[in-house]
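Undergrad: Listed here are the chains, written in short residue letters.
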Amino acid sequence: MAENRRRFLSRAGAGAAAVLLSGCTSLSQRKWVTDLLSDVEILTRHAQRLFAGSQTLAPEFSKKDIAPVFRANGTLDPATPDYNAHAANGFRDWRIEVGGLVERPLSLSVAELRGFPSRTQITRHDCVEGWSCIGEWTGMPLRLVLAAAKVKPDARYVVFHCADNMAVAGDTPQFYYESLDLLEATHPQTLLAYELNGQALPIEHGAPVRLRAERQLGYKMAKYVRRIELVEGFAHINGGRGGYWEDQGYNWYAGI
Amino acid sequence: MEIGPAKILRRALGLRPAGPHYFFRRHTVFVRISHWVNAGCLLFLLMSGLQIFNAHPALYWGKSSDFDHPVLSLTAQDTDQGMIGVTQIGPWRFDTTGVLGASDVDGIRTARGFPDWATLPGPQWLAMGRLWHFAFAWLFAINGLLFWAYAAALGHARRDLLPTKGDLAQLPRQIANHIKLKFPRGEGAKRYNTLQKLAYLFVIFGLGPLIVLTGLTMSPTMDSAFPQLLWIFGGRQSARTIHFICAFSFLGFLVVHIVMVILSGGWNNLRAMITGSYAIEDNKDG
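Taken in sequence, the protein lines are chains A and B. With my numbering, letter number 210 in the first sequence gets 210, and the count goes up by one each step, no holes. So the number in my numbering is just where the residue sits in the second sequence, counting from 1, plus 256.
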């Protein structure tokens, strides 16, 4: 009988786990649950910022730590006719527009970006999936771009609009986009990067210019950047959550 | 007075003894709440953690991922017989079809690290797994810190958990008793035995902080605030691997813990952790 009871208990336990499991999967589809769980992100962001502040640097590594092959993820080639034409032309006519809540809108070519002071850093790229890769990035600190454009006082976020279309062929185009708040955007290691490991940025890594935000996860680091927009909020942009993956349910704060 | 099988049965089920007994208040209300909050957290954290792991079902050692040399990987391979699941630990490969690497989702063989019955949510859904994981990680850490504060301030850790010299001297005999499934009764059942004390200390002051710190080491922002974490654990990917080992150590503890709770008098133990009351036999012959 003790054995029966044990068998009963283990079955009851497995049954309870199954109910809990299916319950949680259906809970995951309810808005109030996802809203509540998403609100934890605010706590996480405040707690992390309390310790990290605006200036602590992501660890930098030495040349020997650089991965022989830097793993590419997400879009590997936008392959639109427009992008292909730019690629064939060595991105000579590629321009990055800086607009929105700025006093001096800019239009920068890659050559002009290279003319500004640059920063080179060997950092670790952390994918939300869990893997890490180390590479050497060179680019123009974003805060210099923002200073040149003279950000208006009511601007709070920097939105990056990209050239890669994430929608399946035939659907309405949905271009990749991302956003940072000004604290992360003006961090010393936040770059508009145009070189990886001393070479012009390869197409699979976001040629000609991608974002590096070294205290954030990989999906924040928009590739194929076309337009930089200073905004007060991003509720009116696409899905309204501040980024392509955020619109699919990922956290806007990607420091963890 | 009962004799023989009936008495043994009552004891195994944890029913109150037919003979003389009294109730002893075994766990304070704080410990009981803390225990069940922790139990819930562990279940949610483990299952949402496996969901997150499934987004890249491989572990590495060091600062970054050497994709050709994982410490552990759960992969799916297509063969003439269909898709098989392969678990690789260092140089050793195992066919784990149906559970690890490849398992059935709605009757269709699918490439995924852990099967859908072990992950939260069931389907592949990294974003939602992260939301569950971080919410319960906060609860787990706060609950753990409160327990530490309580255990330190009220002497619970020193009085009830820290083994005495006498406890340590009895260790070999207690191990032998455990193997024979002989558990203390009467007055002896009022205290944790040495193995219990060591197990609880290891989990509360070892595994608990270790799993929280390795979890934080995976956060790029925390690494900028506390680069020492990377030095302690040997890099972000090592920290991820240690985090995984800690999670399965917790699971191992949980299994042993539940088995011991059942074997040493199921309901009596369970009631003590729910209501606080634990029945103690009053007769000396036990």
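One should not assume that every hint holds.
Stated by the list, open to error - Label-pair distances were calculated between CB atoms; the ranges are:
(1) B:Lys-436 with A:Val-69: 56 to 62 Å
(2) A:Ala-167 with B:Leu-519: 47 to 53 Å
(3) B:Asp-351 with A:Ile-42: 41 to 47 Å
(4) B:Ile-345 with A:Val-69: 45 to 51 Å
(5) A:Ala-47 with B:Phe-509: 43 to 49 Å
(6) B:Ile-345 with A:Gln-29: 34 to 40 Å
(7) A:Gln-248 with B:Asp-336: 49 to 55 Å
(8) B:Ile-345 with A:Ala-79: 23 to 29 Å
(9) A:Ala-47 with B:Asp-336: 51 to 57 Å
(10) A:Ala-47 with B:Ile-431: 39 to 45 Å
(11) B:Ile-345 with A:Arg-104: 57 to 63 Å
(12) B:Thr-352 with A:Ala-85: 32 to 38 Å
(13) A:Ala-169 with B:Asp-336: 51 to 57 Å
As the list claims (entries may be wrong) - If you want a taste of the chain B side facing chain A, the calculated C-beta under 7 Å gives, among others:
(14) Val-287
(15) Arg-288
(16) Ser-290
(17) Ala-295
(18) Leu-298
(19) Ser-320
(20) Leu-376
(21) Pro-476
(22) Asp-479
(23) Ser-494
No wet-lab data here; the hints were simulated from the structure. Every residue gets a Cβ at the ideal spot worked out from N, C-alpha and C, and that includes glycine.
Undergrad: Within 32 to 38 Å or not, the Cβ separation of Thr-352 (chain B) and Ala-85 (chain A)?
TA: Taking Cβ atoms as reference, Thr-352 (chain B) and Ala-85 (chain A) lie about 49 Å apart, which means the hint is violated.
Undergrad: Would the stated hint for Ser-320 (chain B) survive a check requiring a Cβ distance to chain A of less than 7 Å?
TA: Hint on Ser-320 (chain B): holds, closest Cβ of chain A at ~4 Å, below 7 Å.
Undergrad: Determine whether the Cβ-Cβ distance between Ile-345 (chain B) and Val-69 (chain A) falls within the hinted range of 45 to 51 Å.
TA: Once the Cβ atoms are compared, 24 Å apart, the range 45 to 51 Å for Val-69 (chain A) and Ile-345 (chain B) is violated.
Undergrad: Can you verify the interface hint for Ser-290 (chain B): is its Cβ closer than 7 Å to any Cβ in chain A?
TA: violated (21 Å)
Undergrad: For the range 57 to 63 Å, tell me whether the beta carbons of Ile-345 (chain B) and Arg-104 (chain A) fit it or not.
TA: holds (58 Å)
Undergrad: Against chain A, is Ala-295 (chain B) within 7 Å by beta-carbon distance?
TA: At about 12 Å, which exceeds the 7 Å cut-off, the nearest Cβ of chain A leaves the hint on Ala-295 (chain B) violated.
Undergrad: Can you tell me whether the CB distance of Lys-436 (chain B) to Val-69 (chain A) sits inside 56 to 62 Å?
TA: holds (57 Å)
Undergrad: Against chain A, with CB atoms and a cut of 7 Å, does the hint on Ser-494 (chain B) hold up?
TA: violated (11 Å)
Undergrad: Would the stated hint for Arg-288 (chain B) survive a check requiring a Cβ distance to chain A of less than 7 Å?
TA: At 20 Å from the nearest chain A Cβ, Arg-288 (chain B) fails the 7 Å test, so the hint is violated.
Undergrad: If you take the shortest Cβ to Cβ gap from Leu-376 (chain B) to chain A, is it below 7 Å?
TA: Hint on Leu-376 (chain B): holds, closest Cβ of chain A at ~5 Å, below 7 Å.
Undergrad: Does the Cβ distance between Ala-47 (chain A) and Asp-336 (chain B) fall inside 51 to 57 Å?
TA: Holds: the Cβ-Cβ distance is about 53 Å, inside 51 to 57 Å.
Undergrad: Could you say whether the range 39 to 45 Å given as a hint is met by the Cβ separation of Ala-47 (chain A) and Ile-431 (chain B)?
TA: holds (43 Å)
Violated hints for the displayed structure, listed by number in ascending order: 2, 4, 5, 7, 8, 12, 13, 14, 15, 16, 17, 18, 23.
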